[in-house]
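Engineer: The primary structure of each chain is shown beneath.
Number of protein chains: 2
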Amino acid sequence: MNVTHNENSITISHKGRTVFKHDSQNPAIFLGVGDAEYDMYRGNFKITDYVTERLPLRKCVVQEQAGSYLLTFSLDGEPTLEMSVVVTDRGRLKASFKALDARYNRFWIRVSATAEEKVYGCGEQLTYFNLRGKNFPLWSSEPGVGRNKNSYVTFLADTKDKAGGDYYNTNYPQPTFVSDKKYFCHLETTAYADFDFTNADFHELQCWNIPEYLLLDAEESFPALVENITDLFGRQPELPDWVLNGVILGIQGGTEITLNKLQAAKDAGVEVAGAWCQDWQGKKVTSFGKRLRWNWEWDSEMYPDLDKKIFELKEQGIRFLGYINPYVLEDHSLYKEAESQGFLATKKDGSKYVVDFGEFYCGVVDFTNPEACEWYKGVIKTNMIDFGLDGWMGDFGEYLPTDCTLSNGVSAEIEHNKWPYRWAKVQHEAIEEAGKTDDILFFMRAGGTGIQGYCHTLWGGDQLVDWCIDDGLASVIPAALSSGLMGNGIHHSDIGGYTTLHGCKRSKELFQRWAEMNAFTPIMRSHEGNRPDDNHQYDSDAETLAHLARMTKIFKHLKPYIKAASKENAEKGMPIQRPLFMHYEQDNEAYEIKFQYLFGRDLLVAPVYNQGEVEKEVYLPEDEWVHVWSGETYTGGWVTVDAPIGRPAVFYRKASKDAELLKGIASY
Amino acid sequence: MNVTHNENSITISHKGRTVFKHDSQNPAIFLGVGDAEYDMYRGNFKITDYVTERLPLRKCVVQEQAGSYLLTFSLDGEPTLEMSVVVTDRGRLKASFKALDARYNRFWIRVSATAEEKVYGCGEQLTYFNLRGKNFPLWSSEPGVGRNKNSYVTFLADTKDKAGGDYYNTNYPQPTFVSDKKYFCHLETTAYADFDFTNADFHELQCWNIPEYLLLDAEESFPALVENITDLFGRQPELPDWVLNGVILGIQGGTEITLNKLQAAKDAGVEVAGAWCQDWQGKKVTSFGKRLRWNWEWDSEMYPDLDKKIFELKEQGIRFLGYINPYVLEDHSLYKEAESQGFLATKKDGSKYVVDFGEFYCGVVDFTNPEACEWYKGVIKTNMIDFGLDGWMGDFGEYLPTDCTLSNGVSAEIEHNKWPYRWAKVQHEAIEEAGKTDDILFFMRAGGTGIQGYCHTLWGGDQLVDWCIDDGLASVIPAALSSGLMGNGIHHSDIGGYTTLHGCKRSKELFQRWAEMNAFTPIMRSHEGNRPDDNHQYDSDAETLAHLARMTKIFKHLKPYIKAASKENAEKGMPIQRPLFMHYEQDNEAYEIKFQYLFGRDLLVAPVYNQGEVEKEVYLPEDEWVHVWSGETYTGGWVTVDAPIGRPAVFYRKASKDAELLKGIASY
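Sequences listed follow chains Y and D, in order. Numbered according to the UniProt record's numbering, the first sequence terminates at residue 668, and the numbering increases by one at each position without gaps. Numbered according to the UniProt record's numbering, the second sequence terminates at residue 668, and the numbering increases by one at each position without gaps.
There could be a bad hint or two in this list.
Repeated chains share a single entry, so a pair holds when one copy, or any two copies, can fit it.
Within a straight-line C-alpha distance of at most 16 angstroms, the following computed EDC-like cross-link-like pairs (lysine to aspartate or glutamate) qualify [to be verified]: (1) Lys-182 with Asp-533; (2) Lys-182 with Glu-117; (3) Lys-134 with Asp-49; (4) Lys-118 with Glu-592; (5) Lys-134 with Glu-37.
Please keep in mind that the hints were generated in silico from the structure rather than gathered at the bench.
Turn these sequences into a full structure, and let the hints steer you where they fit.
Structural biologist: Here is the structure:
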């Protein structure tokens, strides 16, 4: 840390980066007062803020105390905010904040920037990868349908369901960014935040409380930086070995259908790692499509004999996965149990509070109550793990209403963004307590600061069964890259997408392109979508099935390679899907590539994300790259390769120690 | 004025209304700093503001000086703003502002309110009449196509042309409102403003400079209030007598077509007051439709012999009207003339600045230059009045770009909202100097503070040829009522609407309903729309023509009644179209009726504005009302009457001194 200051002016730099510049003409911190309205409709929020005050803290008195600095900011002589700056034992710059006047509930801080700087992260971002030039409201919510106000599907979703979303909507926001200057910056708050990267000289970070602290550290390389970040936020465990044996097929409809479909898939040569039956606890039909019965126990009518079949399948090498989320369906057994013990969030007056999930209503398990957590862990252990489930989708986490009351007394506005973390922790601990951390797969879409250490894997959320850039196949690539830089190294997506609404129906081509991409992600898993009958499915025809079979063979072929990457992720936080600049930091172009990625160190993947495209323009950073299908070697720059269905644009590094294995992809 | 104050607390009331309440905990004035971006695309603005400071001026020192008060506000002891409060000779409360620190460019003031209070005005508002519960950005612009983000046509207009607009978009904003507590409040500024009526205890008025003053006055009745308002802003002259002789037919295409159409209309029994040929100066074809050649002189090729025919028509009792706006088409004669004399707005460096009007580009005549005004008045007098035109559409006025440079040195951001006023003044003075104030009709859509004294009549702008509430037939009713309360007592609209885009085509039914309504407005005028071939026209079939003929006969029959109302408007600012509460202030329901109006004192008009409707539910304030068609008398409340095409829901007051005349409507 280097600090220079004189009267009313201070500059702080850390490891050679200027971090903070303040003087009375250009104050770096503002406090204010705002009155927000949160209008939630089924996980979609309309949030408005009436900011009545925004005060520049122009005056700053600096006191040095044995290597740390106490900055006292004021507006009019009356001290208003203390900022205490230290370098932590780990070598990070930490600036802690203390408001001296409790009336302020809005906070802005300007982190120094340069005009050409690029920034990434902010959780899982699906539209932008380099975030510079936009602001990013950070509030966990439904990700939006279409996510682009210029798209017709977004218009329909907005007008029918308030659900269209915009470029910044995400299940997983995090007030942390990574700069191409090889530093990360984290603001410790779970309040609503908005990171504004539109200014040339600074990044303005806003949050709706006084944050605990700002943490910043720089490294000499990006790999060192993600190691540092995951040292802070936690690291995911290694993927269970069985996940890499093939695809996890999303199947619904009961035991017989599941067994028949598994047999048919195997007969067609599909490598199957598991069956994921999200309706294992039964169904409920609504106008959105078939919805699940959110009372987390085996539905023995819909899945007769599953208690036995689940173990028979396991012996055949096929795992059975289910589904859970942090809500319990009104009037069902778990709801009643939770309610009777006071384990549900309530209204202010202690009365019943249920959340509308679209024609059905649920209680919110109050994870701020340790007993409620224990109880829910018990549900997971008894009803799911002991029953034989080897994994599940740990859905939702974004719907904590801001006007409910929680047992820890903290405002739900502040708890809202923390809920995914709490939800991940409950699941992780249930698994850990069952001694199954290395064998159970669970995947979440919601996230926030700290899920890295608890949420084992992410999936990209509910993409449209569509080609649209902001909410289709393409969007999961920046999603994987941004969340990977935050320390979530294992990411995947529903093969073929999920949301089947407003006329969108999954085509065969889309399914195939998505399957091809997902063979080069850490997990292959299919989903029927919310309206399965409208969608092309993996088994809709023999050609699709054969194509999938081949992709699962490639995936299984890559098992040792992915397994090693998963180990590296567990040990050093190195994401399995990586931006090109992770290993090619000298390459300027690499910083703007958002629809390609490195898969492990030595594979470069450029998914076809446009309908009808059979050639692919690919950017290769300077290296020796072998196109897996033609065997042709390229040395860098933009190249065009044939990429018909079945031959996704994939390259391996000639110098890879796994070159033989990677070359083998072409044998399928 | 009544002022009570002690340390840091002051309350000001005027004529029994509490106007201003301030104390250190609830400051009434805020100053701030903002950095706005104005992105204009063809008159549609995307405006964003980055407010870096908003400071509550908590401290207030009051000095009394012979009946006036000087309030000195400060944030931190350093005086920041002076507010000098006096009662003017006219008895109005006037609070003048003086910033003591030039750095502030954002201003907020809270005017005291009560929770149940209703407010109106803010210029010409097309979606809301009672403005309470919303905020109203006040910036002159295109009014928007559809004007409702939930409508598909708005979506199309937004995505194709950035033109969809929203509830507040208007050609004519004015920072003035009228309260149901019978006071008006005006903020003297032409900067961007935003009046926020969402708070229970106050109205928060924002503007993007330090306003000169706030002016407020109350009266015992609404008629006295509009008299007061128009005493302030000016009053329109009486309508030319000939306007009340019949319809002004919107015709295009040349002399022969015009003469033929006029003859055919007369043959069909249509009472014709004039022909309005907006293409008298020739045309230009673009993808939007046929656009006019903006070089304001007779096109003798398109309109051969018009120089003679115009006087022949006048002898037959038919006036000829043209078109002009404040822009001159690049590379044409007027442009060259203006440019050579320095009469056009320029870029900052003095170089050429043209505005994109949709595939053609124009210079902006610089009305801040008195010589440019004189020159443009000369163009109007010579090319239009002397040529024989008896009226015109004085189009536009909203497109002053914020980044152009003007001769008076004032920022175009500040001049933008003043431009319609300047444009009205140029036209008025040209007419006045020609001695034709009582004989020439010109109509504008743009407006702002002070146009009342210069713009003789308004038309409602470019409605969709459609039934939609926010931009169709219905929308011109609140437009007439709101602008009427601001002192613009003569309002009308294009019969059948104008904007023919995105699949909207004018139907026969819409045309007929609109014609029926406009027979009960001060001016009847038809428009072919921007794509005439897509629209049903007044002469598309014999039935339409006969229907129009009958409506023009009714209109002409009402001539003495309308003429008297026009006189009252000229003398006392009493609008011809009036909200029901104007004369029924005890009637609570009357304050929320936005799609009915009083036409003069004694007619109540409830236009059918829904497709297919043949019965009309009408609200009648307590009085004796005679339904013109059935002769049935009603005494008040909600009633339902038959309203087939040809029998619009119109009632006259039984006690009217014009009862015989009004009864005569039924004879047509």
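Engineer: Each hint should be assessed against the structure and marked as holding or not.
Structural biologist: Hints, verified against the model:
| no. | hint | verdict |
| --- | --- | --- |
| 1 | Lys-182 with Asp-533 | neither (47 angstroms within a copy, 62 angstroms between copies) |
| 2 | Lys-182 with Glu-117 | within (10 angstroms within a copy, 57 angstroms between copies) |
| 3 | Lys-134 with Asp-49 | between (19 angstroms within a copy, 14 angstroms between copies) |
| 4 | Lys-118 with Glu-592 | within (9 angstroms within a copy, 53 angstroms between copies) |
| 5 | Lys-134 with Glu-37 | between (23 angstroms within a copy, 14 angstroms between copies) |
In terms of the numbered hints stated before, the structure departs from hint 1 and from no other.
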